[in-house]
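For the record, the sequence lines run as chains A and B. For the first sequence, position 100 matches number 100 in our numbering, and the numbering has no gaps at all. For the second sequence, position 373 matches number 373 in our numbering, and the numbering has no gaps at all.
Hints may contain errors.
[Claimed, not checked] If you want the ones that stay clear, here's a sample from chain B, every Cβ over 12 Å from chain A, calculated:
no.: 1; residue: Lys12
no.: 2; residue: Asp18
no.: 3; residue: Thr88
no.: 4; residue: Val128
no.: 5; residue: Glu421
no.: 6; residue: Asp496
no.: 7; residue: Ile546
[Claimed, not checked] Covered by chain B, per the in silico footprint, the following chain A stretches (three or more residues, Cβ under 8 Å):
no.: 8; stretch: 17 to 24
no.: 9; stretch: 83 to 95
no.: 10; stretch: 102 to 110
no.: 11; stretch: 126 to 136
Hint data in this document are derived by calculation from the structure and do not stem from the laboratory. Note that the Cβ used here is the ideal one computed from N, Cα and C, for glycine as well.
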Amino acid sequence: MTRQLTNDDRILFGAFADHLIPAYKKMPRATDVGVAADLLDAVLGFRPDLREGFFRGLDAIRGLPAAEAAERLFKSDNPTFEILGLVASGGYYMAPEVRDLMGYPGQESLSYDPHATPDYVASGLLDRVVKRGPIYVATPA
Amino acid sequence: MSDTISNTPRFKRGEIVDVLIIGAGPSGSVAAKHLAQSGFSVVALEQGHFPDRSKYPGRNPEWELVTQKQWHPNPNYRDLPRDYPINTSESDVNPLMFSGVGGSATLYAAHWTPFLPSDFRVRTLDGVADDWPFTYEDLLPHLEAVEHEVGVSGLAGDPTYPLRSPPPTPALPIGKVGAKAAECLDKMGWHWWPGTNAIPSVAYNGLNACVRRGTCMSGCPEGAKSTTDITYWPHAIKAGARLVTGARVREITVNDSGLATGATYVDENGRERHQRAHSVIVCANGIGTPRLLLLSTSNRFPNGLANTSGMVGKRLMMHPFSAIMAVFEEDLESWRGPYGHNVESFQFYETDKSRGFVRGAKWGVMPSGGLLGATSFVGSKVFTSEKPSAGDMWGKNLHEMVERRFGHTMVWGIIGEDLPEESNRVLLDDTLVDSDGIPAPKLIYKVSENSERMLKFHEERVLEACKAGGAIETAIVHQMRDTGWHLLGTCRMGTDPGNSVLNEWGQAHDVPNLYVFDGSSFPTSGGVNPTATIMSVAMRQTQRMISERRNLKVA
Chain A
1 MTRQLTNDDR ILFGAFADHL IPAYKKMPRA TDVGVAADLL DAVLGFRPDL REGFFRGLDA
61 IRGLPAAEAA ERLFKSDNPT FEILGLVASG GYYMAPEVRD LMGYPGQESL SYDPHATPDY
121 VASGLLDRVV KRGPIYVATP A
Chain B
1 MSDTISNTPR FKRGEIVDVL IIGAGPSGSV AAKHLAQSGF SVVALEQGHF PDRSKYPGRN
61 PEWELVTQKQ WHPNPNYRDL PRDYPINTSE SDVNPLMFSG VGGSATLYAA HWTPFLPSDF
121 RVRTLDGVAD DWPFTYEDLL PHLEAVEHEV GVSGLAGDPT YPLRSPPPTP ALPIGKVGAK
181 AAECLDKMGW HWWPGTNAIP SVAYNGLNAC VRRGTCMSGC PEGAKSTTDI TYWPHAIKAG
241 ARLVTGARVR EITVNDSGLA TGATYVDENG RERHQRAHSV IVCANGIGTP RLLLLSTSNR
301 FPNGLANTSG MVGKRLMMHP FSAIMAVFEE DLESWRGPYG HNVESFQFYE TDKSRGFVRG
361 AKWGVMPSGG LLGATSFVGS KVFTSEKPSA GDMWGKNLHE MVERRFGHTM VWGIIGEDLP
421 EESNRVLLDD TLVDSDGIPA PKLIYKVSEN SERMLKFHEE RVLEACKAGG AIETAIVHQM
481 RDTGWHLLGT CRMGTDPGNS VLNEWGQAHD VPNLYVFDGS SFPTSGGVNP TATIMSVAMR
541 QTQRMISERR NLKVA
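Chain A on its own, in the form it takes in the complex (with noise of 0.2 Å):
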């Protein structure tokens, strides 16, 4: 039967995250965008693979103070490790607010004009490629 998460396992799970990607500067920490709420459902749902390994993680670091488990994890279990970073980055940095702090607009769509002429041949830039000749071996006789 599928493992659940639980109230516990949320609180569990901010408290490290939060020791992983805590507030600095601009940016806010990891509970505060969501990363142990609708964040981790969404990213455990993207990538059920990472369920398994999760809930180890979270069973290894339970009882613990976030900074001492982090280390204790990190050396004992770094796939484990890995697994809880991703999960916490991973919601992290789909956070709308994350991404418009960031200056990230996601992967958008551009318009451009293909016939236009490039900087690089306006500027005369690549004149300088085409003056020193061709740098092909040429098929021998």
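Guided by the hints, dock chain B onto chain A, whose structure is given.
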């Protein structure tokens, strides 16, 4: 994913078709379209499905998260039912591929870099490996024809190549990443050129114009990256070709005369079927093709089909590859696409033996992606060095690293020529099987000393260029493991049946109605992304089949 295109014609069960094509990737698609348009009856068997581009994740916020699993190019990571597993325990490089109509190009970056003249003559020029049985000039007309079907974008006049026809669509914008890379190379006085890509800048042959979304390597949700599900299969099917998806071929069958008679395959529902054909063309990539030939044993061919020479599966080439991340103070908007290379350089492509190795490498400069891309490249977390504690990578250090790198980073890909060695090979694994119980391939592959020296030299040169341009941080991934995109050489062409599998027309020496048109047939690898040459060779061989149709030996 859908199983077939709705208007795929039906052939009668048991019918013998003129040509059976195994694999609907770049080479198989070229053959299917042109043979069908020339009046051949054609059936193609493809183990994957027809792609549904609404499923590609590039428009979604979880894009980077799923490229590390479901859309990772390594089939062993994806572990999807249509993938077959590959034993890589004895390989320095992981092979990358995708099963589906369009083949592995579904996930390629669309770098369009034809082989250079010297690539066909490495024995004559450098005394290594083998010359091809034809030249750059022989292949050029087929390359130019393919480029007009693919919808290549680029700028004419690159001094890397002899004078030739221009690409059919204008070059894509090189963006701030490309402009910065050009500045780096210009300061060194080295070659650079705006990238030539299989991504049109204007709508072309069913493709939409690129919108620079930058998610090319997880399938293009815009329908702008050139893949043959868009550019070839609609034409092939209109001309009468039948495409069967979800069809995993188990064996190529032969008759008492030693001619191929068709193929046995397992369909989507697990039923075994047989398709009869007068001729068979295998286009299943440099691992899938030798796997299938080795699976096809019989009394007449106990060591695998077309394997009298013992060369089937040998001389696997996957290209040595290093990636270099370079971070600059300037805002480079480096999440913006296209992911096809913005700028390329062939400055150190040709042999200079004073460097301590032969042959050379091409450089391609690409953007770095989104926020998770601060430590990753094509779905793999590589731009992070080993740290003694968690705190070194997390906490405020994470914030500072992402702020420094995001939007300010370019990635240089170094692709070197991989010289063929018989010890690098594809075998059948003793125990590993795919989801239909068919033996899986095993790779034995070691990166050569020549490749090691080549990569080190090129890494140093790239770092010099980045330093000249003012890079504030660099990181090298030397011989990155997940870079086996280019699967070449395992059924090589040659003039001597004693040391080659195919003749110069891709026809098996041992089985005159069996052909291989994919990258398996390459005698050498070049030092460039090979899709342009794979499709050009397929075009050449297909045109030969068409012109010789009355003289073909068939079952």
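Hint-by-hint comparison with the structure:
no. : hint       : in the structure
1   : Lys12      : holds, 43 Å
2   : Asp18      : holds, 35 Å
3   : Thr88      : holds, 18 Å
4   : Val128     : holds, 14 Å
5   : Glu421     : holds, 23 Å
6   : Asp496     : holds, 20 Å
7   : Ile546     : holds, 26 Å
8   : 17 to 24   : holds (count 5)
9   : 83 to 95   : holds (count 6)
10  : 102 to 110 : holds (count 8)
11  : 126 to 136 : holds (count 9)
Consistency with the previously given hints is maintained throughout, with no hint failing.
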